[in-house]
Amino acid sequence: MEWDALILARIQFAWTVAFHIIFPSFTIGLASYLAVLEGSWLVTKNPAFRNLYLFWLKIFAIAFGMGVVSGVVMSYQFGTNWSGFADKGGSVIGPLLGYEVLTAFFLEASFLGIMLFGWKRVGPTLHFVATCAVAVGTLFSAFWIIAANSWMQTPVGFAWDGPRMVATNYWAVIFNPSMPVRLAHMVLAAYLTTGLFVLATAAWLKLRGRINAETRIMQRMAIALVAVLAPLQLIAGHESGKVAHAHQPAKVMAMEGWYETARQPAILLGWPDPVRQTTDVWLALPDGIGSWVVTGDADAVLPGLKTVAPADRPPVGIVFWSFRVMVGLGIAMIGLGLLGALLWATGRLDNARAFHWLAVPMGASGFVAVVAGWFAAEVGRQPWVVYGVVRTADAVSPVSVGAVASSLIAFLIVYAIVFAAGVWYIFRLADKGPEVGETAPTPPNEAPGSALAMVTETAPETAGATA
Amino acid sequence: MSGLDLPLIWAVIIGTAVVLYVLLDGFDLGVGILFPFARTRAEQDVMTASIAPVWDGNETWLVLGGGGLFAAFPLAYALVMPAMYLPVILMLLALIFRGVAFEFRAKAQGRDHRVWSAAFSGGSMLAAASQGLVLGGFLKGIAVEGRAFAGGTWDWLSPFSLLVAASLVAGYALLGACWLIIKAEGELLAHARRWAQALAPTVAMAMGAVSLATLSLSPDIVARWGVTMRAVDWPMFLPVAPAPLIALLALLYVWRRSGEEGSLYGPYLAACVAFLAAFAGLAISIFPYAVPFSVTIWQAAAADNALALMLVGVAVMLPVILGYTGYVYWVFRGKVRVGDAYH
Numbered sequence: 001m002e003w004d005a006l007i008l009a010r011i012q013f014a015w016t017v018a019f020h021i022i023f024p025s026f027t028i029g030l031a032s033y034l035a036v037l038e039g040s041w042l043v044t045k046n047p048a049f050r051n052l053y054l055f056w057l058k059i060f061a062i063a064f065g066m067g068v069v070s071g072v073v074m075s076y077q078f079g080t081n082w083s084g085f086a087d088k089g090g091s092v093i094g095p096l097l098g099y100e101v102l103t104a105f106f107l108e109a110s111f112l113g114i115m116l117f118g119w120k121r122v123g124p125t126l127h128f129v130a131t132c133a134v135a136v137g138t139l140f141s142a143f144w145i146i147a148a149n150s151w152m153q154t155p156v157g158f159a160w161d162g163p164r165m166v167a168t169n170y171w172a173v174i175f176n177p178s179m180p181v182r183l184a185h186m187v188l189a190a191y192l193t194t195g196l197f198v199l200a201t202a203a204w205l206k207l208r209g210r211i212n213a214e215t216r217i218m219q220r221m222a223i224a225l226v227a228v229l230a231p232l233q234l235i236a237g238h239e240s241g242k243v244a245h246a247h248q249p250a251k252v253m254a255m256e257g258w259y260e261t262a263r264q265p266a267i268l269l270g271w272p273d274p275v276r277q278t279t280d281v282w283l284a285l286p287d288g289i290g291s292w293v294v295t296g297d298a299d300a301v302l303p304g305l306k307t308v309a310p311a312d313r314p315p316v317g318i319v320f321w322s323f324r325v326m327v328g329l330g331i332a333m334i335g336l337g338l339l340g341a342l343l344w345a346t347g348r349l350d351n352a353r354a355f356h357w358l359a360v361p362m363g364a365s366g367f368v369a370v371v372a373g374w375f376a377a378e379v380g381r382q383p384w385v386v387y388g389v390v391r392t393a394d395a396v397s398p399v400s401v402g403a404v405a406s407s408l409i410a411f412l413i414v415y416a417i418v419f420a421a422g423v424w425y426i427f428r429l430a431d432k433g434p435e436v437g438e439t440a441p442t443p444p445n446e447a448p449g450s451a452l453a454m455v456t457e458t459a460p461e462t463a464g465a466t467a
Numbered sequence: 001m002s003g004l005d006l007p008l009i010w011a012v013i014i015g016t017a018v019v020l021y022v023l024l025d026g027f028d029l030g031v032g033i034l035f036p037f038a039r040t041r042a043e044q045d046v047m048t049a050s051i052a053p054v055w056d057g058n059e060t061w062l063v064l065g066g067g068g069l070f071a072a073f074p075l076a077y078a079l080v081m082p083a084m085y086l087p088v089i090l091m092l093l094a095l096i097f098r099g100v101a102f103e104f105r106a107k108a109q110g111r112d113h114r115v116w117s118a119a120f121s122g123g124s125m126l127a128a129a130s131q132g133l134v135l136g137g138f139l140k141g142i143a144v145e146g147r148a149f150a151g152g153t154w155d156w157l158s159p160f161s162l163l164v165a166a167s168l169v170a171g172y173a174l175l176g177a178c179w180l181i182i183k184a185e186g187e188l189l190a191h192a193r194r195w196a197q198a199l200a201p202t203v204a205m206a207m208g209a210v211s212l213a214t215l216s217l218s219p220d221i222v223a224r225w226g227v228t229m230r231a232v233d234w235p236m237f238l239p240v241a242p243a244p245l246i247a248l249l250a251l252l253y254v255w256r257r258s259g260e261e262g263s264l265y266g267p268y269l270a271a272c273v274a275f276l277a278a279f280a281g282l283a284i285s286i287f288p289y290a291v292p293f294s295v296t297i298w299q300a301a302a303a304d305n306a307l308a309l310m311l312v313g314v315a316v317m318l319p320v321i322l323g324y325t326g327y328v329y330w331v332f333r334g335k336v337r338v339g340d341a342y343h
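Residue numbers (full-length UniProt numbering), protein chains in the order written: chain Z, 1 to 467; chain F, 1 to 343.
Hints may be right or wrong, so weigh each one.
Reference excerpt, derived from the structure (chain Z facing chain F, CB under 10 Å, subset only) [unchecked claim]:
no., residue
1, 62
2, 81
3, 105
4, 121
5, 125
6, 128
7, 132
8, 321
9, 398
10, 410
11, 417
With a cut-off of at most 27 Å between alpha-carbon atoms, the simulated DSSO-like pairs for lysine-lysine come out as follows [said to hold, decoys possible]:
no., chain 1, residue 1, chain 2, residue 2
12, Z, 58, F, 107
13, Z, 120, Z, 432
14, Z, 120, F, 140
15, F, 107, Z, 432
16, Z, 58, Z, 120
17, Z, 432, Z, 58
18, Z, 45, Z, 432
19, Z, 120, F, 335
20, Z, 45, Z, 120
21, F, 335, Z, 58
22, F, 107, F, 335
23, Z, 242, Z, 306
24, Z, 58, Z, 45
Quick caveat, the hints were computed from the structure, so don't treat them as lab data.
From a predicted model like this one, the values you see are computed outputs, not experimental measurements.
Cβ coordinates follow ideal geometry from the N, Cα and C atoms, glycine included.
If we strip away everything but chain Z, and leave its shape as in the complex, we get (with noise of 0.2 Å):
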């Protein structure tokens, strides 16, 4: 392999990429998951939930802090590295990235500001929709990358016109066939990376002896969405694979492992070995089964990567490895979710130790899932940038080895700075637990409209200016 710009910009921009994506797959649910605690706390009433919401609150800031800044970097890198992409693909990507930055970063941005600190500042109601519209723009946020992304992996609605492309169909460029399915698969992942995230931290403070209301509150609303939704990310997934099998058959060819043209075997673990273009079996299902999975037909014959050019091939060890990565966190998943259930069902949940031992390491299997899941699609997209229209190679910026060289060690240092600084600052915080017994906010007691509502509000203000 040579170490040329476009090696060294792939490899930046997997590095900016990954580091990027932990951070809204946890924001994306945790922001979620704290509209429901402070919802949970205006019709209850029940304390507990606002001492959750204050504590997740303070782990979402940093978490929040982390996914803007290295989600600034993406919106310029597509120029710094890509520019041959910007260049052919401007016209028809562009409008998307450009609604979610009006739909969904102004929206999660300027409300984060209250969110943060206008607790003591806009009454409980105004706090809520605040809270409530951060969550909204993280999907929305999810909205638009997923279909910007998923129309790089199955494009339509587009045409030439001389050397760049322009939208024959907006509607079909936004709703693209692997839009829908894998748009349900992200949503799905992040709120299982939160859940499990939140699973992993109550069940660390109840081996600390920390067994109150908090923590019960925290471990069940976990386990519950776990239990429901881990089992139906295997169908989103599932489904996303037979989307990538009619559209993208040489991804899948390399994340099943399948050289030859056959009734496909499922591989549960082996070797592919690209020099030998063949797959060391280590364990797998019968011939057949693995047809079965993608097509619903046992005795379908389907293609191998021996069929596909050299030159088209995808990287088929990361894609292979990542995808058994996902797959199988997925399954360790499912178990954690039912076997939590039950725990719960029978009242012996406080005091299983085992069970929350298995949960604390757990904690991390999301962003490792969501991280190899990511690998498996992009790398599986390889070595097209446009699948099946525009080549990698013919994306990346005539800019020079030396800079792109000494940006992604920049990145590499300043990234492994931030990211230990930032991780240990929420473990930190996490492992502090939630505050018993966190003060109410303030409101002004008035409608804001009133007179002494305005006698009240303006108060402080006049103070700083005779002061």
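With chain Z fixed as given, assemble chain F onto it according to the hints.
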């Protein structure tokens, strides 16, 4: 949508986004630049608290500027970003340090606290300087061949771009000082007034120097202003003269009034006027080029249907965004109350 000059409309929209970015993130980057000059940790806490609820929203205008350029003028984006590779990456890295420092600083103690305070101020300064380097390199022009950047890694670096960088740091610091006049009380307010008084003439000189240096970049620019080092073509210059004149008067106002007891919003608004005038001057120098002086906005524009689709989004969403942005500023109006944070 035929009949509308969509690229022109989009140039105005992106110009507006950039101006709003500079006026809004400018003051919070400026507060970061002034951060090391605070006397006590309590003063520093007031400084960060004065921008904590709004900086994220402010920075979003940078995403709209960058994302908008990608979406509306993909060719310009594909030419400018590789040409400005290093300063853009530098700006992104600086914004990372600065952005995370808000949260980390609040959580850290002792040495870590000082490290993140330094990351906050250093990141703010570096981000401002990188933006100046990008602007300076952009104005000097970009080597283009076909539809690709054809220059070298260091093309953006010149005495001119360094001058623009230093000027922008001073300009943001002025916005920051004027913002603190609105938000601070007591000792910090007195510092802020002194900072603004010192920075106003500095920025006036910097703007003058950048303006004169800009004239040396290209005969195209001279032709638009009618001004050379030796002579002034008055019929040419008079119609465009208000831009530098208004900037000068606005900065004079900041210099004279920011020290006065009663002034609260005046200095910040006047500093904004100076920036708007400078931006108008910039527009006079380069319009209608998207990449000076090789690619016009019409050549760089995305397909008409892309511009039309996004225009619908802007027409619907921009008033909403401005509405709730205004609401957030209204919620956090008045002097800083440090105890408002959730941590």
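How the hints compare with the structure:
no., hint, in the structure
1, 62, "holds, 5 Å"
2, 81, "holds, 8 Å"
3, 105, "holds, 5 Å"
4, 121, "holds, 5 Å"
5, 125, "violated, 14 Å"
6, 128, "violated, 14 Å"
7, 132, "violated, 13 Å"
8, 321, "violated, 30 Å"
9, 398, "holds, 5 Å"
10, 410, "holds, 6 Å"
11, 417, "holds, 9 Å"
12, Z:58 <-> F:107, "holds, 10 Å"
13, Z:120 <-> Z:432, "holds, 24 Å"
14, Z:120 <-> F:140, "violated, 49 Å"
15, F:107 <-> Z:432, "holds, 13 Å"
16, Z:58 <-> Z:120, "holds, 16 Å"
17, Z:432 <-> Z:58, "holds, 12 Å"
18, Z:45 <-> Z:432, "holds, 24 Å"
19, Z:120 <-> F:335, "holds, 15 Å"
20, Z:45 <-> Z:120, "holds, 18 Å"
21, F:335 <-> Z:58, "holds, 24 Å"
22, F:107 <-> F:335, "holds, 24 Å"
23, Z:242 <-> Z:306, "holds, 20 Å"
24, Z:58 <-> Z:45, "holds, 21 Å"
Of the hints listed earlier, those the structure fails to meet are numbers 5, 6, 7, 8 and 14, in rising order.
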